[in-house]
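Engineer: Below are the chains, spelled out letter by letter.
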Amino acid sequence: MANKKESTLRCVLVLSVIAVVCGVLLAVLNPLLYVAPSAEDISNYFDLPVENPGEWKVVDLNSEHAGKTTDKSGAAVSLVAQMQAGEETYYGLLITTKASGNLSECKFVMFFTKSDNKLVDAKMTVDGSSGGKYTYESAAAASENVKKFEEYYVVINSATQFDTDYSIPKVGATLTLTAVDNAFKKAAYYYYNVIMGGGAQ
Amino acid sequence: MKNKVKDLALDGVLRQNPTLKLVLGTCPTLALTTAAMNGVGMGLAVTFVLMCSNVIISSLRNIIPSRVRIPAYILIIATFVTIVRMFLNKFAPTIATAMGPYLPLIVVNCIILGRAEAFASKNPVLDSMFDGIFMGLGFMLAITLMGAFREILGAGAIFGVKLWDFKIEFFTHASGALFTYAIFIALFTYFSGLYSKKSKQKTLQKDKKEVEA
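Chains as they are written, first to last, in this note's numbering: chain R, 1 to 201; chain V, 202 to 414.
Hints were generated in silico from the structure; no laboratory data involved.
These numbers were taken from a predicted model, which means no experiment stands behind them.
Ideal Cβ positions, reconstructed from N, Cα and C, are used throughout, including at glycine.
A portion of the hints provided could be inaccurate.
[As the list claims (entries may be wrong)] Derived DEER-like restraints, expressed as beta-carbon distance ranges: (1) Lys368/V x Val58/R: 32 to 42 Å; (2) Gly394/V x Val50/R: 51 to 61 Å; (3) Val50/R x Phe367/V: 54 to 64 Å; (4) Asn30/R x Phe367/V: 40 to 50 Å; (5) Ser16/R x Asp408/V: 48 to 58 Å; (6) Pro325/V x Asn30/R: 50 to 60 Å; (7) Leu388/V x Ser16/R: 43 to 53 Å; (8) Ser38/R x Leu364/V: 34 to 44 Å; (9) Glu105/R x Ala319/V: 39 to 49 Å; (10) Pro305/V x Val28/R: 13 to 23 Å.
[Unchecked claim] Partial selection, computed: residues in chain R whose CB lies under 8 Å from chain V: (11) Ser7; (12) Arg10; (13) Cys11; (14) Val14; (15) Leu15; (16) Ile18; (17) Cys22; (18) Leu25; (19) Leu29; (20) Tyr34; (21) Val35; (22) Glu40; (23) Ser43; (24) Asn44; (25) Leu48; (26) Val50.
[To be verified] Simulated crosslink set (EDC-like; lysine to aspartate or glutamate; CA at most 20 Å straight-line): (27) Lys398/V x Asp212/V; (28) Lys203/V x Asp328/V; (29) Lys291/V x Asp47/R; (30) Lys114/R x Glu88/R; (31) Lys123/R x Asp41/R; (32) Lys291/V x Asp41/R; (33) Lys98/R x Glu55/R; (34) Lys291/V x Glu55/R; (35) Lys291/V x Glu40/R; (36) Lys185/R x Asp71/R; (37) Lys123/R x Asp47/R; (38) Lys57/R x Asp121/R.
If we strip away everything but chain V, and leave its shape as in the complex, we get (with noise of 0.2 Å):
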């Protein structure tokens, strides 16, 4: 059990990324990232709906009829969408704000019916409940470091704390946002590149060295 977590999170936050590697999600992260703190409030709002509704289309899983599962997926996606909107427009009325659309967008987020249809429907419960965490923090991750990236080079600041007086404008718009993305998945393809590298490398010398024993 403790190696499936393990796996699931290397999955979520590394191998997997939604954001990064699967490059799915991608009108939030483009426009939300102009600040970090977005990043970190859609991140969680991401992160609750996907735990949540991995857990119940999983335990459903053998009752949803496969004609109707999207529609199904779509129901108890929304509602969870739902209770996160209320619940934010309640306690974090400016962070509700700051999301806009993107946040009752989340329904049709690629990220969360894909692990819904990937992962949750063909999974027992707890392995989906943590495929949803980890996929989820991998999204806030990623959000939240191209939030600080843009915040600080655009605004000279960090979490709305003013660094410097510097500002590069172009990075506060759509374009300095794609510019941010492409730059973040050529980073992340890099030292991934090099991390699968090393821990086949690593497998390989195991490999001999129980042939060689």
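Extracted from the complex, chain R is given alone in its bound form (with noise of 0.2 Å):
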């Protein structure tokens, strides 16, 4: 019974032990590796081929206006950052899309510039469709259209987030489209509120 008691203790001391050494070490090396989410996002998303670009500052997010995925919009930007390239100022808009019936959770990147509040690019960088081939070209083809909203809203103004006018053809792969849709509407309100500071209407 002795035995068994001590046999026991030395079980949960070595792994304590163990426990505790692993921990030291991660906490040792934890301030020279670790990269904060919102440069890993940066990183991984934030690619806008432009001439002499400078480097992707992460800008305080507004919360107010940011939102969450579960919110009635589906939608909510989880990063905004900044990048001065030449005489131009870039602000990139990481948008998170809530997931929905067969499709997983979407992220969009959409990139404006400053001078004319002009969308200038958008990509679909999380694609959360599923389902086989036509779902995926079709979510393909969604992620495009996005491209084709610079066709329609060109500058950004107080219309341009509360429009429904707009609309890609939803033929297949409804949810991801609406995912566009919504990704851009949530995209275009806040860069209208917050980066333009037009104010929440």
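Quick one: dock chain against chain with the hints and give me the complex.
Structural biologist: Structure representation (structure tokens):
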């Protein structure tokens, strides 16, 4: 009985010592190797081909307007960064849309120029669509369609964010296309209200 | 010592190749071999974790009670996997992203737990270190070759460098991964059979000569 108790005590002691040593080792390495999630997102998604690109700098998120994916809009701004390239200032917005049905969470990145408030590029960086080739192709088309917003909404203004007339043909992959719509609306809303200082309406 | 290292090297890369002979670490093998570069990245990560965990487990083999050996191994392996993950996130974020969930899943990789249980817990530190290095290299070699094969046929490229426009999309899919794995195991079994036959014949001839002498 005494032996068994001693052996159990030894097991607990050895495991505890190993856990403490491992913890200390990680604590020592953490300040050297840790990368903040925002920096990780920037290196993964913020890729805008412009001349003389500067470094992306994270801009404080306005939580009041950024929203949550659980909101009615189904989209949330999760990261905003700013980059200086030559004389132009670029803003990048990372938008996450909520999972719905077969569609998992998607991520979009949209880039704007500060001088004329133009949407210059948009990409679906995390494609949450599933369900075979057809859906995949439709999702790819949806992601391409984000770029077509440029044709309709060259300049972000107060109307852009509330106008429901614009729509992309929702033939198949409806959930994905809805996510694209939601992402763009959220980006336009945030850009207008926070970056342009338009004020929420 | 030299012979022992040679033996361990032959075991890790050929005779006991973890991917093609022992069929361990199948999940990352199937999921990450869409490109040769993924194989190199995953192989290096596994080699580092395998070597470090083998060294620590071997040096603690007389201290860790056998009743709690598995949780102890997991603790040690998880620490090294976390270090590798943090390192890749900081210095090679593209590779870290390409590996996705398979990087943290190295913690439960059968090769690492298998070598800890079968080798490091019974052998001295130096031998365990070499076992970790060569088993890791064997794994890396196998998945890099499979990755190169699938990348060439499925994407018409090698290490991201485009070779031609000809593509067989099948090789980029999961079914292509299983097909490639089957081909590689079949080829490996055939050639390792030939190799062991030859080495057996050589030993027999040597024995005969010694008896005659």
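Engineer: Please go over all the hints and tell whether each is borne out by the structure.
Structural biologist: For each hint, the structure was consulted:
At roughly 39 Å, the beta-carbon separation of Lys368/V and Val58/R lies within the given 32 to 42 Å, and the hint holds. Against the hinted window of 51 to 61 Å, the Cβ-Cβ separation of Gly394/V and Val50/R comes to about 58 Å, which satisfies the hint. Here the CB-CB span from Val50/R to Phe367/V is close to 34 Å, at odds with the stated 54 to 64 Å. The hint said 40 to 50 Å for the Cβ distance between Asn30/R and Phe367/V, and at roughly 47 Å that hint holds.
Between Ser16/R and Asp408/V the beta carbons are some 54 Å apart, a value that agrees with the proposed interval 48 to 58 Å. Distance hint check: the CB atoms of Pro325/V and Asn30/R are about 32 Å apart, inconsistent with the given range 50 to 60 Å. Against the hinted window of 43 to 53 Å, the Cβ-Cβ separation of Leu388/V and Ser16/R comes to about 48 Å, which satisfies the hint. A hinted range of 34 to 44 Å holds for the C-beta pair Ser38/R and Leu364/V, which are about 38 Å apart.
For Glu105/R and Ala319/V, the Cβ-Cβ distance of about 40 Å falls inside the hinted range of 39 to 49 Å, so the restraint holds. Between Pro305/V and Val28/R the Cβ separation comes to about 20 Å, which falls inside the hinted range of 13 to 23 Å. Among the interface hints, the one on Ser7/R holds; its C-beta lies about 7 Å from the nearest C-beta in chain V, closer than the 8 Å criterion. Annotation: Arg10/R was flagged as interfacial toward chain V, and the flag holds, the nearest CB pair being 6 Å apart, inside 8 Å.
About 4 Å separates the beta-carbon of Cys11/R from the nearest beta-carbon of chain V, less than 8 Å, and the hint is met. Interface hint at Val14/R: satisfied, since its Cβ lies 6 Å from the closest Cβ of chain V, which is below the 8 Å cut-off. Look at Leu15/R: its Cβ gets to within about 5 Å of chain V, closer than 8 Å, so that hint holds up. Using the Cβ-Cβ criterion of 8 Å, the hint placing Ile18/R at the interface with chain V is satisfied: the shortest such distance is roughly 5 Å.
Taking 8 Å as the C-beta contact cut-off toward chain V, the hint placing Cys22/R at the interface holds, the least distance being around 4 Å. Evaluation of the Leu25/R hint against chain V yields a held restraint, the C-beta minimum of about 6 Å falling below 8 Å. Because the closest C-beta pair between Leu29/R and chain V is about 6 Å apart, less than 8 Å, the hint holds. Residue-level restraint check for Tyr34/R holds (minimum Cβ-Cβ distance to chain V is 6 Å; threshold 8 Å).
Here the hint on Val35/R is kept, as its CB sits about 5 Å from the closest CB of chain V, short of 8 Å. Look at Glu40/R: its Cβ gets to within about 6 Å of chain V, closer than 8 Å, so that hint holds up. The interface hint given for Ser43/R holds, since its Cβ lies 5 Å from the closest Cβ of chain V, which is under the 8 Å cut-off. Taking 8 Å as the C-beta cut-off, the interface hint given for Asn44/R holds, the closest approach to chain V being about 6 Å.
The beta carbon of Leu48/R comes no nearer than 17 Å to any beta carbon in chain V, farther than 8 Å, and the hint placing it at the interface is violated. Violation of the interface hint for Val50/R is found here, the shortest Cβ-Cβ separation to chain V being roughly 20 Å, above the 8 Å cut-off. For a cut-off of 20 Å, the pair hint linking Lys398/V to Asp212/V stands: about 16 Å separates their Cα positions. Under the criterion of a C-alpha separation no larger than 20 Å, the hint pairing Lys203/V with Asp328/V is consistent with the structure, at around 11 Å.
In summary, the hint linking Lys291/V to Asp47/R is supported, as the alpha carbons are separated by about 17 Å, within the 20 Å threshold. For the hint pairing Lys114/R with Glu88/R, the CA-to-CA distance comes to about 7 Å; that is within 20 Å, so the pair holds. Of the pairs offered as hints, the one joining Lys123/R and Asp41/R holds, with about 14 Å between alpha carbons and a cut-off of 20 Å not exceeded. For a cut-off of 20 Å, the pair hint linking Lys291/V to Asp41/R stands: about 12 Å separates their Cα positions.
A distance of roughly 29 Å separates the Cα atoms of Lys98/R and Glu55/R; the hinted pair therefore is violated under the 20 Å criterion. Of the pairs offered as hints, the one joining Lys291/V and Glu55/R holds, with about 16 Å between alpha carbons and a cut-off of 20 Å not exceeded. Proximity of Lys291/V to Glu40/R is assessed by CA-CA distance (about 8 Å); at most 20 Å being required, the pair is judged to hold. Straight-line distance between C-alpha atoms of Lys185/R and Asp71/R comes to about 13 Å, which keeps the hinted pair within the 20 Å bound.
Distance restraint check for Lys123/R and Asp47/R: the Cα-Cα separation of roughly 10 Å lies within the 20 Å cut-off, and the hinted pair is therefore satisfied. Between Lys57/R and Asp121/R the CA atoms are separated by roughly 18 Å; this keeps the pair inside 20 Å, and the hint holds.
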